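*Asks:* Sequence:
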Amino acid sequence: MPTTGRPTWPKTLRLATTALLVTLAAALVPQSASAQDSAVLAVSHKSPFNCGKTFYANNWTGTPAHNPSGSIDWQDYGSDDINGETVRATAAGTAYFYDAGSTSYGKWVQINHSDGTSTRYAHLATQVKSAGSSMTVSQGTAIGTVGSTGGATAAHLHYEQRTSSGAMDTSPTVDGVNVPLGTKKAVTSTNACGGNPYTPEEVCGSGYSVIDSAALTGGRTYLLYNSGNGYNCVTTLKTTSLGTASAVSAFLEPEGESRTTDSGSYGYYAGPVKRDAAGQCVKWGGSVGSSSYTSGFEHCD
Numbered sequence: 006m007p008t009t010g011r012p013t014w015p016k017t018l019r020l021a022t023t024a025l026l027v028t029l030a031a032a033l034v035p036q037s038a039s040a041q042d043s044a045v046l047a048v049s050h051k052s053p054f055n056c057g058k059t060f061y062a063n064n065w066t067g068t069p070a071h072n073p074s075g076s077i078d079w080q081d082y083g084s085d086d087i088n089g090e091t092v093r094a095t096a097a098g099t100a101y102f103y104d105a106g107s108t109s110y111g112k113w114v115q116i117n118h119s120d121g122t123s124t125r126y127a128h129l130a131t132q133v134k135s136a137g138s139s140m141t142v143s144q145g146t147a148i149g150t151v152g153s154t155g156g157a158t159a160a161h162l163h164y165e166q167r168t169s170s171g172a173m174d175t176s177p178t179v180d181g182v183n184v185p186l187g188t189k190k191a192v193t194s195t196n197a198c199g200g201n202p203y204t205p206e207e208v209c210g211s212g213y214s215v216i217d218s219a220a221l222t223g224g225r226t227y228l229l230y231n232s233g234n235g236y237n238c239v240t241t242l243k244t245t246s247l248g249t250a251s252a253v254s255a256f257l258e259p260e261g262e263s264r265t266t267d268s269g270s271y272g273y274y275a276g277p278v279k280r281d282a283a284g285q286c287v288k289w290g291g292s293v294g295s296s297s298y299t300s301g302f303e304h305c306d
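If you're matching positions, the sequence shown starts at 6 in the numbering used here and goes up one per residue.
Hint data in this document are derived by calculation from the structure and do not stem from the laboratory.
Predicted model, so just to flag it, every value in this text is computed and none were measured.
Ideal Cβ placement from N, Cα and C applies to all residues, glycine included.
Fair warning: there could be bad hints in the mix.
[As the list claims (entries may be wrong)] Think about it this way: if two alpha-carbon atoms lie no more than 20 angstroms apart in a straight line, the pair counts; the simulated SDA-like pairs of lysine to any residue are: (1) 279 / 265; (2) 134 / 236; (3) 190 / 83; (4) 134 / 101; (5) 134 / 175; (6) 190 / 175; (7) 134 / 117; (8) 58 / 202; (9) 189 / 234; (10) 189 / 175; (11) 189 / 101; (12) 279 / 269; (13) 288 / 300; (14) 288 / 259; (15) 189 / 157; (16) 58 / 130; (17) 189 / 65; (18) 279 / 249; (19) 190 / 202; (20) 190 / 165; (21) 190 / 88; (22) 190 / 61; (23) 58 / 86; (24) 189 / 72; (25) 134 / 262; (26) 134 / 219; (27) 189 / 211; (28) 58 / 178; (29) 58 / 195; (30) 288 / 304; (31) 134 / 301; (32) 279 / 262; (33) 288 / 260; (34) 134 / 232; (35) 279 / 234; (36) 279 / 212; (37) 58 / 82.
[What the hints assert, rightly or not] Beta-carbon label-pair distances, calculated as ranges: (38) 169 / 74: 16 to 26 angstroms; (39) 83 / 302: 40 to 50 angstroms; (40) 210 / 286: 40 to 50 angstroms.
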């Protein structure tokens, strides 16, 4: 028997070892970019608008080129004007609020989703939180309203779906409708269907914009401001027991003055509570059932 050189393994063992090494090697080969992108686009997205609203999703190409390619411009459909429409999260995640001023996206929001992907919503007229803020959102949470800020030349919503690597998904799907490059499709929203049919802006009225909000178990309380008359407005919207009277409240207290509260058993919301508070700090909040929120004195401008 030789005493030097490689040991001679039985043929069956050699074949089994070779097969195992091939399997391990294949498992260690990095996926292609397309395979990786396909693996991470697992979040299902709704339309970014109120339930039942129909607008065009325009993934346009041509001259000038759309930047970035693959993003969607949401536009008017028929006689439905998109300007001022409530913009909602297409999927749950953490929303970050930005303001690029008169350039680029203008007022915009990025939502990072649980699978590492993200969405962007640009040219907003208003945002529910100030630039530099963040908040946890559910699918359907209102994040702003459609406008034409930044580099927009007309009111529309610029919308992007991005993979976990940050690359554009150039053939995004919203509410089950695939919108590949070069297509324009009408999409009817099923977002927030069965939710509260009212928005904070509708409750407080024309001229009011959301400047802050706080989550409650079973709802959310909102602080709005009207720069035209210097009034603040608070409303609390329910997300559970909708249409059924249950305890809900909203209050507003300018610093140094008495508190105004609206509380009772309501089907959809409490408020609006409006007070003249130009140049004053305000304390605000509300409740749904036993869940309540009270701010400190803030928003003093």
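*Asks:* Against the 20 angstroms threshold, does the CA-CA distance of residue 190 and residue 202 hold or violate the hint?
*Replies:* violated (25 angstroms)
*Asks:* Has the given pair, residue 134 with residue 232, been kept, meaning a C-alpha gap of at most 20 angstroms?
*Replies:* Judged against 20 angstroms, a Cα distance of about 16 angstroms means the pair holds.
*Asks:* Can you confirm whether the C-alpha distance between residue 279 and residue 265 stays at or below 20 angstroms?
*Replies:* Given pair residue 279, residue 265 holds - Cα atoms ~8 angstroms apart, limit 20 angstroms.
*Asks:* Keeping to a limit of 20 angstroms between CA atoms, is the pair of residue 288 and residue 300 held or broken?
*Replies:* Measuring from Cα to Cα gives roughly 5 angstroms; hence the hint holds.
*Asks:* Given the hint that residue 58 pairs with residue 195, test it: the Cα-Cα distance must not exceed 20 angstroms.
*Replies:* Roughly 8 angstroms between the alpha carbons, so the hint for residue 58 and residue 195 holds.
*Asks:* Are residue 189 and residue 65 close enough, with their CA atoms no more than 20 angstroms apart?
*Replies:* holds (7 angstroms)
*Asks:* For residue 58 and residue 86, compute the direct alpha-carbon distance and say whether it is at most 20 angstroms.
*Replies:* Distance ~11 angstroms between residue 58 and residue 86 Cα, so the pair holds.
*Asks:* Given the hint that residue 134 pairs with residue 101, test it: the Cα-Cα distance must not exceed 20 angstroms.
*Replies:* Judged against 20 angstroms, a Cα distance of about 9 angstroms means the pair holds.
*Asks:* Sort out whether residue 82 lies within 20 angstroms of residue 58, counting only the CA atoms.
*Replies:* holds (9 angstroms)
*Asks:* Assess, step by step, whether the Cα of residue 189 is no farther than 20 angstroms from the Cα of residue 72, and give holds or violated.
*Replies:* Holds, at roughly 16 angstroms.
*Asks:* Quick check: does the Cβ-Cβ distance between residue 169 and residue 74 fall within 16 to 26 angstroms?
*Replies:* Holds, since residue 169 and residue 74 (Cβ atoms, about 19 angstroms apart) stay within the stated range.
*Asks:* Regarding the pair residue 190 and residue 165, is the alpha-carbon distance no greater than 20 angstroms?
*Replies:* This hinted pair holds, its Cα atoms lying about 16 angstroms apart.
In summary, the structure is inconsistent with hints 5, 9, 11, 18, 19, 25, 27, 40 from the numbered list given earlier, while agreeing with the others.
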